[in-house]
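Chemist: Chain residues, written in single-letter form:
2 protein chains.
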Amino acid sequence: MTETPKTPLSRQELDVFERWWRAANYLSVGQIYLMANPLLRERLTLEHTKPRLLGHWGTTPGLNFLWLHLSRIIREQNRDILFVAGPGHGAPGVVASTYMEGTYSEYFPEVTRDEAGIGRLFKQFSFPGGIPSHAAATTPGSIHEGGELGYSLSHAYGAAFDHPDLVVACVIGDGEAETGPLAASWHSNKFLNPTRDGAVLPILHLNGYKIANPTVLARIPKNELEALLRGYGHAPIFVEGDDPETMHQAMATAMDQAFAAISEIQNATRAGDAPSRPCWPMIVLRSPKGWTGPKTVDGLKTEGFWRAHQVPVADLAKGDHLAVLDDWLRSYKPEELFDEQGGLCADIAALAPKGEKRMSASPYANGGLLRRPLRLPDYAMHAVAVSGPGQATAEATRILGGWLRDVMAANRDQANFRVLSPDENNSNRLNAVLEVTDRAWEAVRYDYDDHLAPDGRVMEILSEHTCQGWLEGYLLTGRHGFFSCYEAFIHIVDSMVNQHAKWLKTSREVPWRQTISSLNYLITSHVWRQDHNGFSHQDPGFLNHIATKKADIARIYLPPDANTLLHVADHCLRTRDVINVIVAGKQPDLQWLDMDAAISHCSKGLGIWEWASNDRGEEPDAVIACAGDVPTLEALAAVKILREQMPDLKLRFVNVVDLMALQSPEQHPHGLPGETFDALFTLDKPVIFAFHGYPSLIHTLIYKRANASNFHVHGYREEGTTTTPFDMTVLNHLDRFHLVSNIVRRVPRFAARTAYVEQSVRDKLVQHTRYVREHGKDMPEISEWRWE
Amino acid sequence: MTETPKTPLSRQELDVFERWWRAANYLSVGQIYLMANPLLRERLTLEHTKPRLLGHWGTTPGLNFLWLHLSRIIREQNRDILFVAGPGHGAPGVVASTYMEGTYSEYFPEVTRDEAGIGRLFKQFSFPGGIPSHAAATTPGSIHEGGELGYSLSHAYGAAFDHPDLVVACVIGDGEAETGPLAASWHSNKFLNPTRDGAVLPILHLNGYKIANPTVLARIPKNELEALLRGYGHAPIFVEGDDPETMHQAMATAMDQAFAAISEIQNATRAGDAPSRPCWPMIVLRSPKGWTGPKTVDGLKTEGFWRAHQVPVADLAKGDHLAVLDDWLRSYKPEELFDEQGGLCADIAALAPKGEKRMSASPYANGGLLRRPLRLPDYAMHAVAVSGPGQATAEATRILGGWLRDVMAANRDQANFRVLSPDENNSNRLNAVLEVTDRAWEAVRYDYDDHLAPDGRVMEILSEHTCQGWLEGYLLTGRHGFFSCYEAFIHIVDSMVNQHAKWLKTSREVPWRQTISSLNYLITSHVWRQDHNGFSHQDPGFLNHIATKKADIARIYLPPDANTLLHVADHCLRTRDVINVIVAGKQPDLQWLDMDAAISHCSKGLGIWEWASNDRGEEPDAVIACAGDVPTLEALAAVKILREQMPDLKLRFVNVVDLMALQSPEQHPHGLPGETFDALFTLDKPVIFAFHGYPSLIHTLIYKRANASNFHVHGYREEGTTTTPFDMTVLNHLDRFHLVSNIVRRVPRFAARTAYVEQSVRDKLVQHTRYVREHGKDMPEISEWRWE
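Here the protein sequences come in this chain order: A and B. Residues in the first sequence are numbered from 1 upward in steps of one, following this note's numbering. Residues in the second sequence are numbered from 1001 upward in steps of one, following this note's numbering.
Certain hints may be false.
Keeping only pairs whose Cα atoms sit at most 20 Å apart, straight-line, the calculated EDC-like set for lysine to aspartate or glutamate is [unchecked claim]:
| hint | chain 1 | residue 1 | chain 2 | residue 2 |
| --- | --- | --- | --- | --- |
| 1 | A | 301 | B | 1447 |
| 2 | A | 222 | A | 245 |
| 3 | A | 333 | A | 684 |
| 4 | B | 1704 | A | 76 |
| 5 | B | 1301 | A | 315 |
| 6 | A | 301 | B | 1450 |
| 7 | B | 1301 | A | 449 |
| 8 | A | 505 | B | 1447 |
| 9 | A | 357 | A | 80 |
| 10 | A | 295 | B | 1450 |
| 11 | A | 222 | B | 1226 |
| 12 | A | 295 | B | 1047 |
| 13 | A | 777 | A | 763 |
| 14 | A | 190 | B | 1224 |
| 15 | B | 1222 | A | 594 |
| 16 | B | 1777 | A | 315 |
| 17 | B | 1505 | A | 719 |
| 18 | A | 301 | B | 1242 |
| 19 | B | 1301 | A | 450 |
| 20 | B | 1295 | A | 450 |
| 21 | A | 704 | B | 1684 |
| 22 | A | 550 | B | 1719 |
| 23 | B | 1190 | A | 224 |
| 24 | A | 777 | B | 1047 |
| 25 | B | 1222 | A | 224 |
| 26 | A | 190 | B | 1226 |
| 27 | B | 1295 | A | 684 |
| 28 | B | 1550 | A | 719 |
| 29 | A | 222 | B | 1719 |
| 30 | B | 1295 | B | 1242 |
| 31 | A | 6 | A | 76 |
| 32 | B | 1685 | B | 1648 |
| 33 | B | 1190 | A | 226 |
| 34 | B | 1777 | A | 226 |
| 35 | A | 604 | A | 594 |
| 36 | B | 1295 | A | 449 |
| 37 | A | 777 | B | 1315 |
| 38 | B | 1006 | B | 1076 |
| 39 | A | 295 | B | 1447 |
The set of hints was computed from the structure by calculation and includes no laboratory data. Values in this document were obtained by computation on a predicted structure and should not be read as measured data.
With the rest of the complex left out, here is chain A (with noise of 0.2 Å):
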């Protein structure tokens, strides 16, 4: 590594640097604090404060102080460089920055560059009306939702790979680094190839406390820090202090330490010239929390300390606090930083890089300028053949991994499709993809590994946040991806979804925010057949919370064979904003329709199967309804044991694909239209249904539907071990037997017959027990049972 000068910055830039910094952190208190008065041209009184005072001062200035200093390397480098902000609470210190920049006042054109558009800036901030207290799709530059901690670093890299050209900074918080999903994101680095990718400058920002307490990292010996981000796989450069100019001189050095660090790791490794995974840098900024703001409030410690984490100063009617607050913002001294008309003097002003350069105006940072639509070859080409109703065999998943194979050719040259899993690819049979792809492995690799490569496209670490974080970044920076998962563990990641649904909702209102990939989930290995690995694995919940989420937002998929699953993924692949939820199987297991009954129901999103009922148009006895691969099997041996049974009852068999479809249009965009649901499942007829998840989650679809209340939901109970496929189902009453039984008892007009077929369904119970118990399989019948 080259040697740095010491004090890159000369006496004049320091100045400007010193004023630019003074004039972000001005802004970020005056956001904060004002509603009038906004350049302090007026005494200040209680009148040109906020009523209530809302936002976060602690982390503000290191963001301010990163962001200047990062924008000097764009400007002397002509660097891309997204800028991640970890803190994201630290939002009055972004706005400030980006308004700074000039790019606010394009996006927001009514926030001018003028005092006036000062004060429309200061006033919108955590303001009825306004825009929110934390970073989110609102704040120019960036594609991090800044409330819930600990998904910078994974968020980071989702958008550095493939962007070799990128450098995406990374803020991370002391008090962030304490989460579980930071903590592992740092062997990130594993999977970063120095060619194909970007790079990725951690930069973790020490300012000792959380909302009031010491951080961790703060407080173990240096030594053990140090030995910790080595650990991490990484150098790191340490700026320490809170003497601002030789704070500047020391940030400026490390910043030129790191990018030559970057440079040669990429000429190294570009050049073909570098055998192992690179040590990369990082940057550890250990300043106070709430620096240059007030050093005591009534007496007690503040800057440098956790009470300077929101608003250091409050009640500001009380004793000298309106004071305080004055002596604190007239301490960056305004007048040396805005012109007459309040606009930034032109000196300091100059230090924003230009154009699309600037972190705020980034490309990066607005994913759907750079989203290129993914090429998807025809699905059909995959279609298992079926020539009727249960005449094949075959495993969704692998199936659906051929496609996707597919996919990933047709997309190599554009590099902007991966396939993610938490140490699953296989394991959810999605193989294939391996076959013109590998695993990404940076780390080292032995003669007999299998499919690891530098630049393997299939992302797997045993960690769901981290593969979520990689995701989201990398959609959010436009790109596909498709997240692969056993159903019980994907809940791991619940709150994740939250914020990127949260995101999504917000981007939707904000008129330059451009449209993303789809967030896509194939959740598998699910709970109707994690028979092997018992009750932990056992959980279909997930769905109850993607459910929660705004209606534009969610979507739920239950293809219930090969064909319906590939319809569906390639559905997801086309679609933008939203969250796709597909859920499908892996066993080998009954195909049901061929690709073109596929297309046509699938596009329906639900419908009735004629050829398992028995209605012939008539008004049914009842409906049998299902939804999911498994439920619908059950379901479908149901039929057949009623069919001999009670061939005189009338069914009608109903297929759920899309469960949204089952809400009302009001309530989902997805919903069927009234008359439609009537018709599908009649007015007064008992409606017994075979669900893949909690029966609650249907009764919660369909409350407002006018047969609610005759909807008989078998699913799963919360009832399950280590055991066969078949015994799972029987354990919660999701079995044919159980679903035969409820049936009969729903009917009258077959009272005399409905204790006989009860009792021989009952007694099939005991006999299937009792064989697993002994044989510990399902018996021959169940096994091998067939449709036809």
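Could you slot chain B onto chain A? The hints should help.
Modeler: Only chain B this time, still in chain A's reference frame:
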């Protein structure tokens, strides 16, 4: 540290160690494969093997190896050691070891210590009606649901807190080590007090592979790994290799060294002789995955590779597979391990510690045995004086904090109560607790620090995962705790809650498991008062999540004010084996019930507030129901508007504290009987329900009720931002004006006046929006609203 010999085991010891390990491995393989011929006394045939081969071999020999070596320490040093198997899928090993110790037969008398018993041991594993494939509540010696990875180390710390004589040996798989929760929990050592607490010995088991990939930590250079572990604050001892004899000596040496270091640290700190945080030992075991299993199968590398993860040789009818299995099993020479009757040879059996010292029989692993009830001071002493509805103002959680302080003080000498939060104790206004204890903090402290001490009982780290894991470990080993959390971010532990709920359900079915204290959550800083942090902090969906859990386990309480909160909290801390979720606000709010009324109301779970109703025992025109503090306020404000504008409208006011009472008694043990429900909510009158969470949850709970279709629920509709508190309710239509509008539209006999009332509330809403956007605060008539 004293020098330990490199060959602590004598020749004789080595021999019997080696035979114990062979026996444990034999019994492990037998569980995966055999359902007859358990000691291979006949020629092995397909008929002796299970029809479905389920289980995980890869990690198992390592677990067996560690169990043996920890037992040696117990015998030689008379230690109490608890074994936490992070790779809980290695259950065949844990079960084998507990069987060899005799505990298994004590707990499950049908699994005798002879050939027939071994036969039953083998057959039951991963077999219908048998035991699960992962360590679970059915596993003797386990406190750790072994299915989902990531929580072993935080569980271990939770178990060690306040158990000064205990060492928790925590095996961490290198797969698990990639997860976020595990990565975060390494820093738990900054919260463990060597004097008051026991010790945790992390054992990182690097077997190199996950399901189908190498692991990160096995593929970084050793110096990087060592730096990482030192950065976590540990002194790692490496045991690496595959030759059993060498490895036995190396592990015995490492164990001696680690336990000597633990003693040295504890002796020094307990003698008051250790100024700074100690550097705790840990062990790194690098051994082949599937160690001692088949080297290759079908010519493919198996031992020491991911192919050994589950069942290394399957399809036993194929090729030489049965012979491979036969060779493998016989390589352990069962004839040298078991006597004629199938009993473990006496010299091998003698390696097990005695009685409760056996890790399989440790009372620490069956926490209910150790649990002492919490001393609960009279909460009525903390009652807010409420002379009439709305005649007092209080911050509910601050009042609760006062009582929790007394609980803390009353149980200090029992050392069995801790309060946890992710850096939010004070933000959640439980500050009073710090009057009698501090925040646990073992890292560097400064004189200006605020309530940090090594022996604090308030546990704060910015990781919901770590807090949750600590608390689970603490409860599972017989203690009590209280977890307060921002509502939106409790979703971070959704999946952990699932696993704990599964543990509780299963443990109820295991006769020898004693009941443990409930998992108690205070969910505060809730959706309606996250007007300052904005959209990212607004999510009430944890209630939906909990509601999917088994009814026996799930409890949700929404006390409307401080006195009801006190009663509910007291109740929750008395319960066992359930998950209690309490939702309560922290802001100054009007109080409704005096203590007597609060007790009477909460005891019923829900009920009519006569003083807010005017139906005078007659059938009302409409019912206005509410659950949650903000909804209660808005519902009462709606009542007041209606009293003024439609005084002859007969309204019944129902407040719900115990949400599960809304379900039917068949669905939930708290479910209200149908006739009581119908008497409260009528059979056909409109019920306008103001609810804290997503409206769908109420519909989910009441769908079996007669009047279900007349429930109209107002709640969170995923609309929010940084705004005023009242504006949050307006954005989501939970406010008084929307409630009034909905009620008047539902009562036909007032149709003539409906339009007038609707217009008046619409005007109010317009006025509100205009006001908040100008002034940044709610109108005085809102913020100063009073009931009377």
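Chemist: The structure should be examined with respect to each hint, and the outcome stated for every one.
Modeler: Right, here's what the structure says about each hint:
{"no.": "1", "hint": "301/A <-> 1447/B", "in the structure": "12 Å, holds"}
{"no.": "2", "hint": "222/A <-> 245/A", "in the structure": "23 Å, violated"}
{"no.": "3", "hint": "333/A <-> 684/A", "in the structure": "75 Å, violated"}
{"no.": "4", "hint": "1704/B <-> 76/A", "in the structure": "69 Å, violated"}
{"no.": "5", "hint": "1301/B <-> 315/A", "in the structure": "70 Å, violated"}
{"no.": "6", "hint": "301/A <-> 1450/B", "in the structure": "11 Å, holds"}
{"no.": "7", "hint": "1301/B <-> 449/A", "in the structure": "10 Å, holds"}
{"no.": "8", "hint": "505/A <-> 1447/B", "in the structure": "46 Å, violated"}
{"no.": "9", "hint": "357/A <-> 80/A", "in the structure": "6 Å, holds"}
{"no.": "10", "hint": "295/A <-> 1450/B", "in the structure": "17 Å, holds"}
{"no.": "11", "hint": "222/A <-> 1226/B", "in the structure": "16 Å, holds"}
{"no.": "12", "hint": "295/A <-> 1047/B", "in the structure": "80 Å, violated"}
{"no.": "13", "hint": "777/A <-> 763/A", "in the structure": "18 Å, holds"}
{"no.": "14", "hint": "190/A <-> 1224/B", "in the structure": "13 Å, holds"}
{"no.": "15", "hint": "1222/B <-> 594/A", "in the structure": "54 Å, violated"}
{"no.": "16", "hint": "1777/B <-> 315/A", "in the structure": "15 Å, holds"}
{"no.": "17", "hint": "1505/B <-> 719/A", "in the structure": "9 Å, holds"}
{"no.": "18", "hint": "301/A <-> 1242/B", "in the structure": "57 Å, violated"}
{"no.": "19", "hint": "1301/B <-> 450/A", "in the structure": "11 Å, holds"}
{"no.": "20", "hint": "1295/B <-> 450/A", "in the structure": "17 Å, holds"}
{"no.": "21", "hint": "704/A <-> 1684/B", "in the structure": "16 Å, holds"}
{"no.": "22", "hint": "550/A <-> 1719/B", "in the structure": "9 Å, holds"}
{"no.": "23", "hint": "1190/B <-> 224/A", "in the structure": "13 Å, holds"}
{"no.": "24", "hint": "777/A <-> 1047/B", "in the structure": "13 Å, holds"}
{"no.": "25", "hint": "1222/B <-> 224/A", "in the structure": "17 Å, holds"}
{"no.": "26", "hint": "190/A <-> 1226/B", "in the structure": "17 Å, holds"}
{"no.": "27", "hint": "1295/B <-> 684/A", "in the structure": "64 Å, violated"}
{"no.": "28", "hint": "1550/B <-> 719/A", "in the structure": "9 Å, holds"}
{"no.": "29", "hint": "222/A <-> 1719/B", "in the structure": "45 Å, violated"}
{"no.": "30", "hint": "1295/B <-> 1242/B", "in the structure": "12 Å, holds"}
{"no.": "31", "hint": "6/A <-> 76/A", "in the structure": "17 Å, holds"}
{"no.": "32", "hint": "1685/B <-> 1648/B", "in the structure": "16 Å, holds"}
{"no.": "33", "hint": "1190/B <-> 226/A", "in the structure": "17 Å, holds"}
{"no.": "34", "hint": "1777/B <-> 226/A", "in the structure": "47 Å, violated"}
{"no.": "35", "hint": "604/A <-> 594/A", "in the structure": "16 Å, holds"}
{"no.": "36", "hint": "1295/B <-> 449/A", "in the structure": "16 Å, holds"}
{"no.": "37", "hint": "777/A <-> 1315/B", "in the structure": "15 Å, holds"}
{"no.": "38", "hint": "1006/B <-> 1076/B", "in the structure": "17 Å, holds"}
{"no.": "39", "hint": "295/A <-> 1447/B", "in the structure": "17 Å, holds"}
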